[in-house]
Amino acid sequence: MSLITLMTDFGRCDGYVGVMRGVIAKIAAAATVVDLTHDIPPQNVGAARFVAMNSYRYFPAGTVHCIVVDPGVGTRRRAIAVAVTVDGDVQFFVAPDNGVLDGVLAIATDSNCRAVSLTNRTYWRTKEPSATFHGRDIFAPVAAHLAQGVDFALIGEAISVSALVRMSFRSAIATSQGICGSIQYIDRFGNAITNIPAEQVTARSWQIRTQGQTFQSYRSYGDAPSGRLLGLIGSHDWVEIAVNGGSAAKRLGLQVGTSVTVMGC
Amino acid sequence: MSLITLMTDFGRCDGYVGVMRGVIAKIAAAATVVDLTHDIPPQNVGAARFVAMNSYRYFPAGTVHCIVVDPGVGTRRRAIAVAVTVDGDVQFFVAPDNGVLDGVLAIATDSNCRAVSLTNRTYWRTKEPSATFHGRDIFAPVAAHLAQGVDFALIGEAISVSALVRMSFRSAIATSQGICGSIQYIDRFGNAITNIPAEQVTARSWQIRTQGQTFQSYRSYGDAPSGRLLGLIGSHDWVEIAVNGGSAAKRLGLQVGTSVTVMGC
Amino acid sequence: MSLITLMTDFGRCDGYVGVMRGVIAKIAAAATVVDLTHDIPPQNVGAARFVAMNSYRYFPAGTVHCIVVDPGVGTRRRAIAVAVTVDGDVQFFVAPDNGVLDGVLAIATDSNCRAVSLTNRTYWRTKEPSATFHGRDIFAPVAAHLAQGVDFALIGEAISVSALVRMSFRSAIATSQGICGSIQYIDRFGNAITNIPAEQVTARSWQIRTQGQTFQSYRSYGDAPSGRLLGLIGSHDWVEIAVNGGSAAKRLGLQVGTSVTVMGC
Chain A
-3 MSLITLMTDF GRCDGYVGVM RGVIAKIAAA ATVVDLTHDI PPQNVGAARF VAMNSYRYFP
57 AGTVHCIVVD PGVGTRRRAI AVAVTVDGDV QFFVAPDNGV LDGVLAIATD SNCRAVSLTN
117 RTYWRTKEPS ATFHGRDIFA PVAAHLAQGV DFALIGEAIS VSALVRMSFR SAIATSQGIC
177 GSIQYIDRFG NAITNIPAEQ VTARSWQIRT QGQTFQSYRS YGDAPSGRLL GLIGSHDWVE
237 IAVNGGSAAK RLGLQVGTSV TVMGC
Chain B
-3 MSLITLMTDF GRCDGYVGVM RGVIAKIAAA ATVVDLTHDI PPQNVGAARF VAMNSYRYFP
57 AGTVHCIVVD PGVGTRRRAI AVAVTVDGDV QFFVAPDNGV LDGVLAIATD SNCRAVSLTN
117 RTYWRTKEPS ATFHGRDIFA PVAAHLAQGV DFALIGEAIS VSALVRMSFR SAIATSQGIC
177 GSIQYIDRFG NAITNIPAEQ VTARSWQIRT QGQTFQSYRS YGDAPSGRLL GLIGSHDWVE
237 IAVNGGSAAK RLGLQVGTSV TVMGC
Chain C
-3 MSLITLMTDF GRCDGYVGVM RGVIAKIAAA ATVVDLTHDI PPQNVGAARF VAMNSYRYFP
57 AGTVHCIVVD PGVGTRRRAI AVAVTVDGDV QFFVAPDNGV LDGVLAIATD SNCRAVSLTN
117 RTYWRTKEPS ATFHGRDIFA PVAAHLAQGV DFALIGEAIS VSALVRMSFR SAIATSQGIC
177 GSIQYIDRFG NAITNIPAEQ VTARSWQIRT QGQTFQSYRS YGDAPSGRLL GLIGSHDWVE
237 IAVNGGSAAK RLGLQVGTSV TVMGC
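In order, the protein sequence lines correspond to chains A, B and C. Just so we're aligned, residue -3 is where the first sequence starts under our numbering, counting upward by one. Just so we're aligned, residue -3 is where the second sequence starts under our numbering, counting upward by one. Just so we're aligned, residue -3 is where the third sequence starts under our numbering, counting upward by one.
Among the hints, a few may not be true.
The list treats identical chains as one, so a pair stands whether inside a single copy or across any two.
[To be verified] SDA-like mimics (lysine to any residue), calculated; alpha carbons at most 25 Å apart, straight line:
#1 Lys123 to Ala170
#2 Lys123 to Leu150
#3 Lys22 to Ala170
#4 Lys22 to Gly42
#5 Lys123 to Cys109
#6 Lys123 to Arg74
#7 Lys123 to Val197
#8 Lys123 to Gly242
#9 Lys123 to Pro37
#10 Lys123 to Gly249
#11 Lys246 to Arg224
#12 Lys22 to Asn40
#13 Lys123 to Asp85
#14 Lys123 to Asp219
#15 Lys246 to Gln209
#16 Lys123 to Pro56
#17 Lys22 to Ala57
#18 Lys22 to Thr210
Simulated from the structure, these hints should not be mistaken for lab results.
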């Protein structure tokens, strides 16, 4: 059984995703295709980076993750594939070389990771791809061929992992005030996920401060009184800000980049 | 062939649903997974109850319906599975014990229905589940194991069907004015579905009154003049209020709970 | 392997699509089902026509495309199936006879296309279908039976291709000012797709004029400076208006039908 995940910023209304599914079905009829999400905000490479980084390790070994959030489509940005081995299992990624794999590459070394530039047009849908829809003409067909078992080394020229485009983020830092970080993602519930890793928070109970307000940690949303702001260790293993039964992002006016301090941890 | 349906309030933008798909694929690679909907309004157990109740009987025998609308995640609410036999076919449900199965349980008796509390951690993704994402760590893996044929009795301790959490609804009642009921659901078209069952409406033509207006029944949307308010027997087998080519909910300011009377039926 | 695509205006929130998936799974358990889109604006037959026309040829031979955008459901409009052979490959369509197949039929002749009216109730879900949900009771089950290999001629009475409902569109025309056309579709990014075919634009560089502004052609979005309006040949093979990193439709107030002129081509 082969499995392909799709992540794009195409939305669902236009048939672009459907067309990619058709292209995949022509090459890898028996592959299972899972829509990771198609609602990445248009051209938001940072949001796609976050979702990719936090989801791939839940999939079976050999899964091919096809990511098309690609503001530079048709320009000279590279199209790449990356194979990462984690705990003995390989995961494949097919994506533009624009930083979207930055989170995945956080654990990459020369020994557990290989990369290629997608230069072998044999595995494209057409030798004359559209200048605006590489999802259909390059990324989907290459992902389908990988899922069919085509050798990773055949799909393009090897490139150094250290040459791949990365994003620059400020990490959370420990200060005398506490751990200072920032919001890196806001989900559909309005939960705000910080860049403070769970493993830096060892106390059972702690406080979190942002936008001039300080509030208490709880184990889960429902443990706090209804409508109460809370900090918690989220399912992504980052410190998270939430409201029981509401949107923390709306309540506090949180955005990606808003500063946050965890105290007493 | 095994089949799993997923219903959540996770939306589509964040990758939460994709992660559940990955967890399922690791356990039940050959299962077909159908997204029933992921756009239940956040924490709206009543809407999920309506969709579950009106959709499950269209699926093949043995389907596992995994429902994660779970405002109480991480609190002491139970996680449950229910097996209901209808017309000789069993349907499985995996869900929090918060009333979301209330509509499904309307037909449940001790002889056609069994329930268990999901206490057997062997079938969880991890013995230390996240306090906020039981969809990933408990509900999805248990659903996948059931789809793989794991015995229902093995996944947890048997509990009495009569001990499951139910929701309290006022039923439609016959009065001298007509049948008095209320709106129980509003769909994406703005059609308002009442709690008045089709079988209580035996006349060929009848009237419906709500928000100070009275209008006529038609067989289908397109049978009414364009823009006309109408009553009809909807596809869910409930009395429904609609506008040909428009939104009845917007036009009349209808909400869940708005009173409705059917006359001349 | 059999493949069914679904396109509707049902949205994703209500379970209507899920129910169609259940009906299909009961008939064609092994079929792969691809959601082309369910977010066609309610009752917008023109938008569905555009998506169908631009997506079907990317799917494998034998694919069954089930389209339910059906404002006339329950009235006397016909339900139809069409088989079109392109480059030796047959594609099947199951849909209401309301013009939604107009774009697909642009290439249809008596020799490459057959049509039937869905009159054989053997292949419906029930001989007494709902007056409002033919997607569940007629279109989905007929599509599933076709995917299972049921003979096209068995599902209903043959009808003449020339008798099918078409839509009337003004085509783009060449004038002394340039090629005059109009917007036929606006996608999720706010890109506006005109009805001017790519093959009428042979110059390497050209200009496009709409809403009192004139701007330059580029090969792809990212080739233009950030925020710049541009014309380009889109992936659908129509002239398209876009903004690098923004929404052309919002910037210029474009709508379906807005006039556009391509000059210097």
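Status of each hint after checking the structure:
{"no.": "1", "hint": "Lys123 to Ala170", "verdict": "neither (52 Å within a copy, 31 Å between copies)"}
{"no.": "2", "hint": "Lys123 to Leu150", "verdict": "within (16 Å within a copy, 41 Å between copies)"}
{"no.": "3", "hint": "Lys22 to Ala170", "verdict": "neither (52 Å within a copy, 38 Å between copies)"}
{"no.": "4", "hint": "Lys22 to Gly42", "verdict": "neither (31 Å within a copy, 28 Å between copies)"}
{"no.": "5", "hint": "Lys123 to Cys109", "verdict": "neither (28 Å within a copy, 30 Å between copies)"}
{"no.": "6", "hint": "Lys123 to Arg74", "verdict": "within (16 Å within a copy, 42 Å between copies)"}
{"no.": "7", "hint": "Lys123 to Val197", "verdict": "between (52 Å within a copy, 21 Å between copies)"}
{"no.": "8", "hint": "Lys123 to Gly242", "verdict": "neither (50 Å within a copy, 29 Å between copies)"}
{"no.": "9", "hint": "Lys123 to Pro37", "verdict": "neither (30 Å within a copy, 35 Å between copies)"}
{"no.": "10", "hint": "Lys123 to Gly249", "verdict": "neither (48 Å within a copy, 36 Å between copies)"}
{"no.": "11", "hint": "Lys246 to Arg224", "verdict": "within (13 Å within a copy, 32 Å between copies)"}
{"no.": "12", "hint": "Lys22 to Asn40", "verdict": "neither (30 Å within a copy, 29 Å between copies)"}
{"no.": "13", "hint": "Lys123 to Asp85", "verdict": "between (33 Å within a copy, 22 Å between copies)"}
{"no.": "14", "hint": "Lys123 to Asp219", "verdict": "between (57 Å within a copy, 21 Å between copies)"}
{"no.": "15", "hint": "Lys246 to Gln209", "verdict": "within (14 Å within a copy, 37 Å between copies)"}
{"no.": "16", "hint": "Lys123 to Pro56", "verdict": "between (32 Å within a copy, 19 Å between copies)"}
{"no.": "17", "hint": "Lys22 to Ala57", "verdict": "both (23 Å within a copy, 9 Å between copies)"}
{"no.": "18", "hint": "Lys22 to Thr210", "verdict": "neither (55 Å within a copy, 41 Å between copies)"}
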